[in-house]
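J.: Given next are the chains, with one letter for each unit.
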Amino acid sequence: MSLQTEAVGLPSRFDIIRIEGFPLLPVLILGGIAFVAIFANVLAPYDPEIGSLAARFRPPAWQVGGSGEHLLGTDHLGRDVLSRLIFGARVSMVVGFTAVIVAGVIGTGLGIVSGFLGGWVDQVIMRITDTWLALPALTFAIFLTAIVGPSEMNIVIILGAVYWTRYARVIRGEVLSLKEREFVKLAIVAGCSKRTIMARHILPNVLNSAIVLGTLMLGVVIVTEAALSFLGVGVPPPKPAWGLMLADGKKGMMVGYWWLTVLPGVCIMLMVLSANLIGDWLRVKLDPQLRQL
Amino acid sequence: MVVLEAAGLSKHFRARRGFFGGDRGNVRAVDGISFAIESGRTLGVVGESGCGKTTTAKLVLGLEEPTGGSIRFEGQDLHALDAAARRHYRKSVQAVFQDPYASLNPRMRISAIIAEPLTTNERLTAGEVRGHVLRLLDLVGLPNRSADLFPHEFSGGQRQRIAIARALALSPKLVVLDEPVSALDVSIRAQILNLLRDLQAELGLSYLFIAHDLAAVAHMSHAIAVMYLGKIVESGEAQTLARAPKHPYTQALFSAALPSHPEDRREEIVLSGEVPSPLRPPPGCHFHPRCPHAMARCGKQAPALDDVDGRLVACHLYGASTAAAAA
Amino acid sequence: MSTHPLLQIDNLSTHYVSARGTRVVRAVDDVSLRIDAGETLGIVGESGSGKSTLALTILRLLPPAARVASGRMLFEGEDLLAKSDAEMRRVRGKRIAMILQDPMASLNPLFSIGDQVAEPIRVHEGVGRAAAWSRARELLKAVRIPSPQTRLLQHPHEMSGGMRQRIVGAIGISCEPRLLIADEPTTSLDLTIQAQYLNLLRELQRAHGLALIFITHNLGIVAKMCDQLAVMYAGRVVESGPVRQIFNAPAHPYTQALLNSIPRMSDNRNRLAAIDGQPPDLVALPPGCAFAPRCPSAFDRCRESPPSQLTFGDQRTVRCWLADAGSDAADSQVRKGAA
Ligand SMILES: Nc1ncnc2c1ncn2[C@@H]1O[C@H](COP(=O)(O)OP(=O)(O)OP(=O)(O)O)[C@@H](O)[C@H]1O
Ligand SMILES: Nc1ncnc2c1ncn2[C@@H]1O[C@H](COP(=O)(O)OP(=O)(O)OP(=O)(O)O)[C@@H](O)[C@H]1O
Ligand code: SF4
Ligand code: SF4
Ligand SMILES: [Mg+2]
Ligand SMILES: [Mg+2]
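Residue numbers (the working numbering), protein chains in the order written: chain S, 400 to 692; chain E, 36 to 362; chain G, 12 to 350.
Calculated directly from the structure, the hints in this document are not laboratory data. Idealized CB from N, CA, C, for every residue including glycine. Possibly wrong hints are sitting among the right ones.
[What the hints assert, rightly or not] Lysine to aspartate or glutamate pairs mimicking EDC-like chemistry, simulated, CA-CA at most 16 angstroms apart: (1) S:584 to E:99; (2) G:152 to G:136; (3) S:638 to S:446; (4) S:638 to S:579; (5) S:584 to G:130; (6) E:126 to E:109; (7) S:584 to E:109; (8) E:126 to E:157; (9) G:105 to G:87.
[To be verified] What the simulated footprint calls covered on chain E by chain G, stretch by stretch (three residues with Cβ under 8 angstroms from a Cβ of chain G suffice, anywhere in the stretch; the number is not a length): (10) 72-83; (11) 102-110; (12) 153-162; (13) 219-231.
[What the hints assert, rightly or not] Among chain G residues calculated to face chain E with C-beta under 8 angstroms, some are: (14) 75; (15) 119; (16) 120; (17) 290.
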C-alpha cells in the first residue's frame, strides 16, 4: 500500500480544507505594494518630485485629453501621478512598518515587564497606558509633531509613541495568564531569574499575538500617517506621501480632477483593508485551533 | 530526620469581582494545616477537588506566599533564608505538576526543557548536558530522538514523563508530585511509580505525593494526610489509614474507589448534599452537611485534630466525651 | 435509515507529518469502530497510542501537521470528512461535543468562566445573555462546583485543576449533543466527585439517548460506565468487544498485561506489575506486530508480518496471530493466555 506517499505527497481532498480562508488577494495586494515600493526607482516613469507646469492637470490616459505619456494623469504642478503613487507606496510602507515595529517593541517590552513583575511597576506602566489611551490618537500625534516638527523620522517616532499602548494592554493581559501556567512556575522552581523567564518563557509565547496585533495596527498607522500628511503636519512636501496627495488634490475635486484624490484614496484603502484582512486571518490561524470548540 | 515541616500553614485568596465590584470574601484554600515530611519517605495527600492540595504544593515550592503559618526546611524557617540558602532550597526541591499540557513551554525543545534546571544551576559543557538529558530520557522511557522535538509532538502521558525527567535532573531532596500519574495509563503509571520508588530508595528522596488514585497513594506513601476544605481531617501511617479509615469523609472517599472489574461491585457510601464552598464554609465541622454521622454538636463546634489510636482525626465521633457513643 | 449506527468509522488513518515530510507518525492506523445511540464506548490504551488523535480526527480539530490519510467517518449517515468548515462548526458543540484532555486548551484565560460556559449556548441555541448565564449556573451546579454564582465571574487560573476539568465538562454537555467524546475527563477529580460526575453523564444518557466515547486510563471507569471497549496499541485497535467479555477473557496479550497492571489497594509495598520494555516509537514501528518486542507469547511469525483484524464470537475483534489460525489449537492458545 502506498498510504505513506499518499499522505505525504499529493494533496488529497483533506488538504484543501486546511488552506480554506487563506487571504490570497490581500496578501497579493500587500505584496504588490511592497514590491512597487522596493523597486520604485525602476518602476516609476518620472521623477515624482519634479513636474512641468506646461503639463498640469492632465487626465488619465483613458479619458478625453489624456495621453499614454502620463497613464494616470498629472497634478497641479504637472507631476506624474503614477510615479507619485509608486514612490508614495515607499513612504507608506517605510513609515507604516517602522512605526509598527517601534510601537511593537516598546509596547511588548513594557507589557511583559508590567504583567510579569506586577506590583508598583505594573501600576505605574498601566497608569501611563490608561492616560495615553484616553487621549485621542490623532490630536495627540498632531500635538507631538507641532513640538518636534515634521520629518519622516519624527513621524515614525511619533506614531510609535502614540500607538505602543495598544500593544502594552493586550500583551500584559496575555502575560497575566501565561505566568499562571505551570511551565512558568516550574521555571521559578528550577531557579531561573526573572529576566530569563521573561526572555525565554514569556516573550516567545506572546510573539504570535504581537505579530497579529502588528498587522492590525499597520492599517491604523497608515491611516494616521495619511491623516497627518493630509493635515499638513506629516511627511513634508515635496515627498510624495499618499495622504499629502489626497490633501493637494482635494481642491481639484470640485472642478472634476477626480484622479488626484480618488487614486491615492483607493491606494490607502486597499493597503489598510489588506493589512486588516491578513491580521484577522492570522489571529484565527495562530490561536490554538482547539478554542473553536 | 524531618526534611520539611509545616506549622499552621494557611493561604487565603481574595475572590473579588462581584457584579458591582463588591468583595465576595476570601477563598480559604489552605486553612491552618501542619505536617512533616521525613527524609527518604513519602507523605501522600488526598482530598476532594478544590480542597487546597495544589495550593499546599505551591506554598511548599515558594510559589505562593503563605497568609499565615510557617514552613521549615532542614530545620530552618523559609522566611529567614538568605540568598545562598534560598538557592540551595530551590535546588533541593523540585516539582511535577498535574497538567502535562501546561507544564512544558511550547516554544522550547525537549532537550532544553529537561536541561533547564541543570544549565541554570550548574556549570556543565554542552556535551555533559546532552549526556544527562539522554540518560534522563532513558530513565523515563522515551526514545533519544525526543530530545530534539517540541512538546506538541507528544501525547499527554509522554509529556508527563518529560516533566518527571526534568524534575529529577538536579537530584533533588524533596520532589513535590502534584498528581504526577493522573495522565498516565496504568502500565506506564506502574512503571513511573516503580521508578519513583526506586529513586527514593537509591537517592533517599522525599516525596510530597498528591493524587486522586487512592490505590496509588496507598502504594506509594508512608504517611497519608486527608484534606477537606482546606483542613487536614485525618492523618497517619499509610497502611492503617487506608485499611481502616476513621474520619467519615475518609471512609466515604475510600469506599468510592471504583472496582476494577465490572462484576466486582462493592458497597459505596454515596455522599449526599451540596459540595461545600471554600468561600462560605459551613460552620462547625466543615463536613457536617454531608456527613452520615452528623450530630447536633457538629454544626456548632469545629472538631480539633486529635490523637485517636496513634493517628490524628478531626471528628467529634472520637472526641473524649463521645468516644462511648461512637463505639 | 434506522439501521445506521450513530457513528461508524471505517479504516481510518491519521498521520502526523513533519515539515519536510520525512517523518511520519502513524498515530491512528486503520481503525474501524462503531457506536450506537445511547451506548458507551470505552477507549483504553497506552499513553501515546493515538486515542486523543482519534478523537480529534472525529471532530476534525487536528493540528496542521496531521493528515487524514484514509478512511471514512459516517455520523448519522453523513460523511464528516466531506463537510465544509462551516458545516463542521455547526456539528461541533451542538451534535458532537468533546471534552478535551487539556482543559486549558479549551478555556480562554482572558475571559470569565461564565462567558465561556454561556458562549456555546448563545451560539447554538440563540438565547439571550441573561438566559445563557443562568443556564451556565445550572450547569456548574450540575457538575458539583460550589458557589456557582461567584465562580462564573472568576477566571480559569483561579480554579483548581478538577474544577477546570468539570467546567470543560459543563461546556461539553451544555447543548445536549447526540455524541459526547470525553478525553480523560476525570483525571483530576477525586473519587466522590468523580462518582457523582459519572452518574450525571449516565443520567444524561438515559434522558437524551446520548452516546458517549470515553477515553480513559482508568479501567475502573471502564468497568462502571462502558458497554463496549476498544483497546488501542501503537495507533491500532488491537482488541474490541463488549466490556464484560474482554475483562473476563482478554484475547490479546497486551490487554491481558493491561488488566494485570492495575494497582490494588491491598498489595502495597510490592512492585507493581508493569509491562516490560519501552512503548513503541510510532515513527519506526517493527515490521510485524507492534507489540512483539514486549509480548510474552511472541513467536516468529509475529516479528515478520503484522496480524490483521479478526472477528470472532459476539462482536469481538482482535489483532493477534495467536487468534488467527482459526483452528481449535490457536483458539485454545488464546484461552490459555487469558487464564
Ligand atoms: N490564584 C488563585 N486565585 C483565587 N483562588 C484560587 C487560586 N488558586 C486556587 N484558588 C482556589 O483555592 C481553592 C483550592 O484550590 P487548589 O488548586 O489548591 O485545589 P486542589 O485541592 O489542588 O484541587 P484539584 O484536586 O481539583 O486540583 C479552590 O477553591 C480554588 O478556586
Ligand atoms: N502534533 C503532533 N506532531 C507529531 N506527532 C504528534 C503530534 N501530536 C501527537 N503526536 C504523536 O502521536 C501519537 C499519538 O498521540 P495521542 O495524543 O493521540 O496519544 P494518546 O493515546 O491520547 O496518549 P495519552 O494517553 O498520553 O494522552 C504520539 O506518539 C505522539 O507523540
Ligand atoms: S465531626 Fe461530626 S460532622 Fe464532622 S465528620 Fe465527625 S461526625 Fe461527621
Ligand atoms: S501477534 Fe504475536 S506479538 Fe503480537 S500480540 Fe499476538 S502473540 Fe504477541
Ligand atoms: Mg490540584
Ligand atoms: Mg491523549
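J.: Each hint needs a verdict: does it hold in this structure or not?
T.: Evaluated hints:
1. Taking the CA atoms of residue 584 of chain S and residue 99 of chain E, the gap is about 10 angstroms. The hint holds against a cut of 16 angstroms.
2. In summary, the hint linking residue 152 of chain G to residue 136 of chain G is not supported, as the alpha carbons are separated by about 20 angstroms, beyond the 16 angstroms threshold.
3. Pair hint residue 638 of chain S plus residue 446 of chain S holds up; C-alpha atoms about 11 angstroms apart against a cutoff of 16 angstroms.
4. Between residue 638 of chain S and residue 579 of chain S the alpha-carbon distance is near 50 angstroms, which puts this suggested pair outside the 16 angstroms criterion.
5. A C-alpha spacing of about 30 angstroms is found between residue 584 of chain S and residue 130 of chain G, which places the hinted pair above 16 angstroms, so the restraint is violated.
6. For a cut-off of 16 angstroms, the pair hint linking residue 126 of chain E to residue 109 of chain E stands: about 14 angstroms separates their Cα positions.
7. A distance of roughly 23 angstroms separates the Cα atoms of residue 584 of chain S and residue 109 of chain E; the hinted pair therefore is violated under the 16 angstroms criterion.
8. For the given pair, residue 126 of chain E sits about 10 angstroms from residue 157 of chain E by alpha-carbon distance, which is consistent with the 16 angstroms threshold.
9. Restraint check: the Cα-Cα separation between residue 105 of chain G and residue 87 of chain G comes to about 14 angstroms, which is no more than 16 angstroms; the hinted pair holds.
10. Taking a C-beta to C-beta cut-off of 8 angstroms, the segment 72-83 of chain E contributes 3 residues in contact with chain G, enough for the three needed, and the coverage statement holds.
11. Closer than 8 angstroms: that is the beta-carbon criterion, and the segment 102-110 of chain E has 0 residues meeting it against chain G, so the requirement of 3 is violated.
12. Counting residues of the segment 153-162 of chain E whose CB lies closer than 8 angstroms to any CB of chain G gives 0, so the stated coverage by that chain is violated, three being the minimum.
13. With 10 residues carrying a beta carbon less than 8 angstroms from a beta carbon of chain G, the segment 219-231 of chain E meets the three-residue requirement, and the given coverage holds.
14. With 8 angstroms as the threshold, the beta carbon of residue 75 of chain G stays out of range of chain E, its nearest partner Cβ sitting at about 10 angstroms, so the hint is violated.
15. Here the hint on residue 119 of chain G is broken, as its CB sits about 14 angstroms from the closest CB of chain E, past 8 angstroms.
16. Taking 8 angstroms as the C-beta cut-off, the interface hint given for residue 120 of chain G is violated, the closest approach to chain E being about 10 angstroms.
17. Interface hint at residue 290 of chain G: satisfied, since its Cβ lies 7 angstroms from the closest Cβ of chain E, which is below the 8 angstroms cut-off.
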